[in-house]
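Engineer: Build out the structure end to end from the sequences listed, making use of the hints.
According to the working numbering, the sequence shown is numbered sequentially starting from -3.
Be aware that a few hints might be false.
Below, in silico cross-link-like pairs of lysine to any residue (SDA-like), each with a Cα-Cα straight-line distance of 25 Å or less [said to hold, decoys possible]:
{"id": "1", "residue 1": "Lys112", "residue 2": "Gly73"}
{"id": "2", "residue 1": "Lys101", "residue 2": "Glu43"}
{"id": "3", "residue 1": "Lys112", "residue 2": "Ala78"}
{"id": "4", "residue 1": "Lys29", "residue 2": "His80"}
{"id": "5", "residue 1": "Lys129", "residue 2": "Pro83"}
{"id": "6", "residue 1": "Lys168", "residue 2": "Cys93"}
{"id": "7", "residue 1": "Lys108", "residue 2": "Val33"}
{"id": "8", "residue 1": "Lys101", "residue 2": "Asp46"}
{"id": "9", "residue 1": "Lys101", "residue 2": "Ala26"}
{"id": "10", "residue 1": "Lys108", "residue 2": "Met23"}
{"id": "11", "residue 1": "Lys19", "residue 2": "Lys108"}
{"id": "12", "residue 1": "Lys108", "residue 2": "Glu43"}
{"id": "13", "residue 1": "Lys16", "residue 2": "Gln(-2)"}
No wet-lab data here; the hints were simulated from the structure.
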Amino acid sequence: IQRCPKTGSITLNQTEYIIKMVKRFGMWDANTKPIPVGEMNNLQPKEMLDALHAENKAKSSDEEDKPIDFPYRQATGALLWALHSRPDIRWIVPVLCSYNNNPHKLHVAAVKNVFKYLRGSLNWGIGWDRIGKFEIEAFVDADWGGKTTVKAFSYSGYFLMVSGGPLDAFAKRQRTVAQSSCESEYY
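Structural biologist: The following block contains the structure:
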């Protein structure tokens, strides 16, 4: 927690934690990334990814399924703790956690991409300004059916800001599959 006496602003960041986490998972010397998700924003379950790879090229005899040599569950757990001060990874980390039981090498690549992003944005955090008027802003959105080829789910969520800093964020998959964009925003 950092406070600027001149402006009265407060900033929360987890710079030391993120440094330790990135070093722990061997990503300190990796090239940084400008965005946390990259082109991996449409991750699929391992079974679907294996089926797609099998269709695209026949496996050779020495290219057997090897177990993933990366502590995937520990990495996603560490990223969950970083969410407290990093709303910029709020969407991708829970998605990656949903593959904890059976990660694919593309899921591991996505986790490493998040680490590379965090390495390049170590000092980022959330902050609130005291100067100016007290304002509350709310953003709400819904996604009709998503962009997944496995199963269509609708998502909805909100983001609250107070005095220029984030206060709360929430997103969830809806219990029913919406039949239209209007219906997805109703739930």
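Engineer: A separate judgement is required for each hint: does it hold in the structure or not?
Structural biologist: Verification of the supplied hints:
{"no.": "1", "hint": "Lys112 with Gly73", "in the structure": "holds, 16 Å"}
{"no.": "2", "hint": "Lys101 with Glu43", "in the structure": "holds, 12 Å"}
{"no.": "3", "hint": "Lys112 with Ala78", "in the structure": "holds, 14 Å"}
{"no.": "4", "hint": "Lys29 with His80", "in the structure": "holds, 21 Å"}
{"no.": "5", "hint": "Lys129 with Pro83", "in the structure": "holds, 23 Å"}
{"no.": "6", "hint": "Lys168 with Cys93", "in the structure": "holds, 14 Å"}
{"no.": "7", "hint": "Lys108 with Val33", "in the structure": "holds, 10 Å"}
{"no.": "8", "hint": "Lys101 with Asp46", "in the structure": "holds, 10 Å"}
{"no.": "9", "hint": "Lys101 with Ala26", "in the structure": "holds, 17 Å"}
{"no.": "10", "hint": "Lys108 with Met23", "in the structure": "holds, 7 Å"}
{"no.": "11", "hint": "Lys19 with Lys108", "in the structure": "holds, 12 Å"}
{"no.": "12", "hint": "Lys108 with Glu43", "in the structure": "holds, 21 Å"}
{"no.": "13", "hint": "Lys16 with Gln(-2)", "in the structure": "holds, 20 Å"}
Every hint, counting from the list given before, is met by this structure.
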